[in-house]
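For what it's worth, numbering that gives the first Met the number 0 labels the leading residue of the sequence shown as 0, then goes sequentially.
What the hints contain is simulated information worked out from the structure, not anything from laboratory work.
Careful: at least some of the hints might be erroneous.
Stated by the list, open to error - What follows is a set of in silico ranges between Cβ atoms, one per label pair, in the way DEER data are often shown:
no., residue 1, residue 2, range
1, 129, 95, 24 to 34 Å
2, 97, 36, 11 to 21 Å
3, 98, 126, 37 to 47 Å
4, 99, 31, 12 to 22 Å
5, 103, 133, 13 to 23 Å
6, 123, 96, 33 to 43 Å
7, 122, 47, 31 to 41 Å
8, 70, 123, 12 to 22 Å
9, 119, 95, 29 to 39 Å
10, 36, 119, 13 to 23 Å
11, 27, 119, 16 to 26 Å
12, 71, 133, 11 to 21 Å
13, 50, 70, 11 to 21 Å
From a predicted model like this one, the values you see are computed outputs, not experimental measurements.
All C-beta atoms, glycine included, are put in the ideal place defined by N, C-alpha and C.
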Amino acid sequence: MKHVVVGVGNEFRRDDGVGPAVARLLAASGVHAEISDGDPVRLMETWEDADLVVVVDAVRTKATAPGRWYRTALPHTIPAASSHGFGVPEAVALAEALDRRPERLVVYAVEVADTGFGTRMTPAVARAVEPLARAVRDEITSTPVLLIPDS
0 MKHVVVGVGN EFRRDDGVGP AVARLLAASG VHAEISDGDP VRLMETWEDA DLVVVVDAVR
60 TKATAPGRWY RTALPHTIPA ASSHGFGVPE AVALAEALDR RPERLVVYAV EVADTGFGTR
120 MTPAVARAVE PLARAVRDEI TSTPVLLIPD S
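Generate coordinates for the entire structure from the input sequences, incorporating the hints supplied.
Shown next as structure tokens:
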């Protein structure tokens with residue numbers, strides 16, 4: 000099974016760098032991970048031919064608990080707004096319309112506090128990076144490989 004982790008965000012917008020931080024951490028340990036700015040067309044290109052896509056993205060929610068994350072298979076079910084103008088929900092909608100949605104798509108949306116200019120994440124969001132990377136790794140390793148018997 001081919002998989003890819005996509006860390007969506009801008010590393011120069013403080014907490015918006017959480018997706019790229021998780022992707023870098025996983026890539027350093029051998030996981031196929033990419034960084035994306037969230038552009039829907041580039042996201043679709045990143046996950047082309049992947050059976051499992053795990054997206055990590057920063058979101059703003061009404062709950063405002065920076066560092067908390069949500070896991071969903073349907074990005075538009077999270078009561079939040081992406082920290083980008085366009086992002087994962089738009090990419091999924093476009094991919095569905097073009098019949099290019101991955102077989103399995105999982106989104107980890109991380110609540111953020113500060114998306115102003117700068118490269119340092121707030122402490123609560125920075126503390127979430129390692130546990131979130133472990134959760135994503137578990138997502139990938141627990142995915143069963145389907146074997147099709149020879150006919």
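Quick rundown of the hints versus the structure:
1. Roughly 33 Å separates the CB atoms of residue 129 and residue 95, a value that falls within the hinted 24 to 34 Å.
2. In this structure the supplied range 11 to 21 Å holds for residue 97 paired with residue 36, their Cβ-Cβ distance being about 20 Å.
3. Distance hint check: the CB atoms of residue 98 and residue 126 are about 40 Å apart, consistent with the given range 37 to 47 Å.
4. In this structure, residue 99 and residue 31 meet the distance hint of 12 to 22 Å, their C-beta atoms being roughly 19 Å apart.
5. Between residue 103 and residue 133 the C-beta distance comes to about 19 Å, which sits within the given range of 13 to 23 Å.
6. Checking the proposed 33 to 43 Å range against residue 123 and residue 96 shows it holds: the Cβ atoms sit about 36 Å from each other.
7. Here the CB-CB span from residue 122 to residue 47 is close to 36 Å, well matched to the stated 31 to 41 Å.
8. At about 18 Å, the CB distance of residue 70 to residue 123 agrees with the hint of 12 to 22 Å.
9. Between residue 119 and residue 95 the C-beta distance comes to about 36 Å, which sits within the given range of 29 to 39 Å.
10. Remark: the range hint 13 to 23 Å for residue 36 to residue 119 is upheld by a beta-carbon distance near 19 Å.
11. With their beta carbons about 19 Å apart, residue 27 and residue 119 fall inside the hinted range of 16 to 26 Å.
12. In this structure the supplied range 11 to 21 Å holds for residue 71 paired with residue 133, their Cβ-Cβ distance being about 18 Å.
13. Between residue 50 and residue 70 the beta carbons are some 18 Å apart, a value that agrees with the proposed interval 11 to 21 Å.
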